[in-house]
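Trainee: Whole structure, please, built from the sequences with the hints as guidance.
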Amino acid sequence: MEKNIASKVDNKLDQMDSKEKEAILENFTEFKSFLADKVAKAEKLGLDEEQLAKAAQKIGDYLANKEEPQNREEKLLQELWKAGNKEEQHKLAHMLVKLVS
102 MEKNIASKVD NKLDQMDSKE KEAILENFTE FKSFLADKVA KAEKLGLDEE
152 QLAKAAQKIG DYLANKEEPQ NREEKLLQEL WKAGNKEEQH KLAHMLVKLV
202 S
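Quick note: the sequence shown uses the numbering used here, first residue 102, plus one each step.
By construction, these hints were calculated from the structure, which means they are not laboratory data.
All of these numbers come straight from a predicted model, not from anything done at the bench.
Treat the hints with caution; some may be incorrect.
Below, simulated PhoX-like cross-link-like pairs (lysine-lysine); rule was C-alpha separation at most 25 Å, straight line [as the list claims (entries may be wrong)]: (1) 145 / 176; (2) 109 / 155; (3) 145 / 122; (4) 199 / 167; (5) 139 / 155; (6) 139 / 167; (7) 133 / 109; (8) 120 / 142; (9) 176 / 159; (10) 159 / 199; (11) 122 / 199; (12) 133 / 192; (13) 145 / 113.
Mentor: Have a look at this one:
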């Protein structure tokens with residue numbers, strides 16, 4: 102199940118075109134709305150908080166490594182993400198899920 106979630110997250114991120122990503126990352130409110138929508142959908146599918154955090158961690162890894170921050174909030178998140186180890190990143194992922202829930 103865990104690998105299936107990670108695979109779905111990877112597939113979704115790979116399928117997004119650059120304009121769609123740009124629209125989401127344009128401002129922090131849009132980013133939070135996007136994440137809130139995905140968390141709500143995942144909860145409806147029965148994912149628990151740990152599974153949600155793992156999916157958020159996958160998104161965090163992607164954003165930190167492949168996307169340029171579009172605003173100060175995203176830059177701060179990227180810096181925190183890169184400064185943390187895997188355990189700290191996982192905790193930050195939990196916090197992001199709580200932020201948008």
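Trainee: With reference to the structure, classify each hint as holding or not holding.
Mentor: Results of checking the hints against the structure:
1. Restraint check for residue 145 and residue 176: the C-alpha separation of about 31 Å exceeds 25 Å, so the hint is violated.
2. In summary, the hint linking residue 109 to residue 155 is supported, as the alpha carbons are separated by about 12 Å, within the 25 Å threshold.
3. As the CA atoms of residue 145 and residue 122 are separated by approximately 24 Å, the hinted pair is consistent with the 25 Å bound.
4. Taking the CA atoms of residue 199 and residue 167, the gap is about 24 Å. The hint holds against a cut of 25 Å.
5. Pair hint residue 139 plus residue 155 holds up; C-alpha atoms about 13 Å apart against a cutoff of 25 Å.
6. Of the supplied pair hints, the one linking residue 139 and residue 167 holds, its CA atoms being roughly 20 Å apart against a limit of 25 Å.
7. With a C-alpha separation of about 20 Å, the suggested pairing of residue 133 with residue 109 holds against the 25 Å cut-off.
8. Using a Cα cut-off of 25 Å, the hinted pair residue 120 and residue 142 holds, with the two alpha carbons roughly 22 Å apart.
9. For the hint pairing residue 176 with residue 159, the CA-to-CA distance comes to about 17 Å; that is within 25 Å, so the pair holds.
10. In summary, the hint linking residue 159 to residue 199 is supported, as the alpha carbons are separated by about 16 Å, within the 25 Å threshold.
11. This hinted pair checks out: residue 122 and residue 199 have alpha carbons roughly 22 Å apart, not beyond 25 Å.
12. With a C-alpha separation of about 17 Å, the suggested pair residue 133 and residue 192 falls inside the 25 Å cut-off, and the hint holds.
13. Of the pairs offered as hints, the one joining residue 145 and residue 113 holds, with about 18 Å between alpha carbons and a cut-off of 25 Å not exceeded.
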